[in-house]
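Number of protein chains: 2
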Amino acid sequence: MKTRDRILHTSLALFNEFGEPNVTTLQIADEMDISPGNLYYHFKNKTEILVELFSWFEQQMNDLLDIDDFSASVEDQWLFLHLVFENIAQYRFLYQDMVNLFGRHEKIGLRFKRILEKKRKATILICKTLEAQGVLTATDKEIFALAENIVLTATYWISYAKVMHGSQGDSELNQGVFQVMSLVAPYLRAEEREQLQVMGEAYL
Amino acid sequence: MKTRDRILHTSLALFNEFGEPNVTTLQIADEMDISPGNLYYHFKNKTEILVELFSWFEQQMNDLLDIDDFSASVEDQWLFLHLVFENIAQYRFLYQDMVNLFGRHEKIGLRFKRILEKKRKATILICKTLEAQGVLTATDKEIFALAENIVLTATYWISYAKVMHGSQGDSELNQGVFQVMSLVAPYLRAEEREQLQVMGEAYL
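Protein chains in written order, with this note's numbering: chain P, 6 to 209; chain L, 6 to 209.
Calculated from the structure, these hints are not laboratory results.
Some hints here could point you the wrong way.
Pairs involving identical chains hold if they fit within one copy or between any two copies, as the list cannot separate such chains.
Said to hold, decoys possible - Cross-link-like lysine-lysine pairs, in silico, BS3-like; alpha carbons within 25 Å at most:
(1) 124 / 112
(2) 7 / 146
(3) 112 / 51
(4) 112 / 126
(5) 51 / 7
(6) 49 / 7
(7) 167 / 118
(8) 49 / 126
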């Protein structure tokens with residue numbers, strides 16, 4: 006792996022473990038056993054590393070959210086949500102202590118907000134399609150409130166699980182998927198609702 | 006007001022505005038126009054101020070959550086939630102960047118976790134009572150998942166609204182109450198569900 010990529014991967018791991026504000030470029034260089042000068046040759050400062058990592062995150066999340074065709078099956082929605090949660094977990098430092106992070110990096114904050122907006126729109130689109138197919142019954146107003154709650158829950162689940170359950174493992178991701186699906190459950194047709202219950206028991 | 010109380014109130018205002026990690030004891034003294042020595046006479050360091058403010062928060066929230074008798078009406082639940090959200094808003098710095106804050110102050114983190122646990126139990130109790138009264142229809146499993154989602158939404162609503170809508174006003178609190186109530190809505194009897202819709206339109 007090239008030094009530039011190694012710097013990015015090492016930074017991501019350290020940011021996720023200790024929180025971005027608690028990691029310095031010196032620690033990153035130290036962890037990689039390279040000189041600070043070598044690091045500065047590739048990145049002038051920590052912000053440049055952060056911006057590059059954010060672009061990785063943004064690209065992956067946008068690829069996930071560019072939905073034009075999707076299946077209405079409960080299994081497929083579960084899988085889709087699992088991929089979203091995996092992306093969140095991979096860049097969990099962005100979701101921790103957002104007010105601090107985006108207070109210091111406003112442009113990144115605006116780009117993050119656009120991602121949340123996109124998630125909200127994708128969620129509304131999915132719900133409306135399920136509604137048209139008779140799988141889900143809800144008014145437009147209910148769908149709007151539901152979509153906001155879904156995005157909020159997906160955004161903060163990992164932080165919440167860390168504070169509440171002290172966990173960081175894979176079971177926490179499945180639990181997150183289940184919590185989001187349980188927001189949708191009461192609006193689903195009996196058949197899909199039962200299916201969801203069975204899947205929840207299989208994964209948790 | 007005594008100097009000690011003024012220090013606490015000033016600290017709370019500054020923590021809420023700038024985030025606890027970004028406020029120093031020197032800034033607190035400066036804002037109050039007192040000498041650092043005067044501040045240190047009352048509090049040895051910022052942690053002592055934080056611990057005292059946390060005790061205020063904890064006392065108020067515990068008073069709210071010590072529910073033994075409650076009304077099942079939608080208006081009363083709305084009011085109760087509004088009081089919870091007001092407490093959260095009053096100590097919003099605790100809810101911002103929790104991973105950082107509780108990473109540095111583990112004991113406070115444990116006490117905060119106990120508050121969340123208490124909220125979850127109070128929510129389950131309310132839902133089960135509504136269920137027994139025929140106002141709400143849900144299985145025990147559904148109530149457990151619902152309670153977790155309610156606590157998560159209440160905990161993170163203000164941070165989410167700040168990132169997503171850039172707002173900090175009172176409308177955001179009403180919106181938070183509405184979002185939490187909308188989690189419960191699909192489980193409610195038609196009568197209460199309609200009532201909630203009407204209240205939502207009146208407050209938002």
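Comparing the hints with the structure gives:
1. 124 / 112: within (19 Å within a copy, 36 Å between copies)
2. 7 / 146: Classified as neither; 51 Å inside a copy, 50 Å across copies.
3. 112 / 51: Answer is within; shortest intra-copy Cα gap is 15 Å, inter-copy 31 Å.
4. 112 / 126: This pair counts as within: shortest intra-copy Cα distance 21 Å, inter-copy 40 Å.
5. 51 / 7: within (18 Å within a copy, 44 Å between copies)
6. 49 / 7: within (17 Å within a copy, 49 Å between copies)
7. 167 / 118: Both, since 23 Å and 10 Å are each at most 25 Å.
8. 49 / 126: Answer is neither: 36 Å inside a copy and 50 Å across each miss the 25 Å cutoff.
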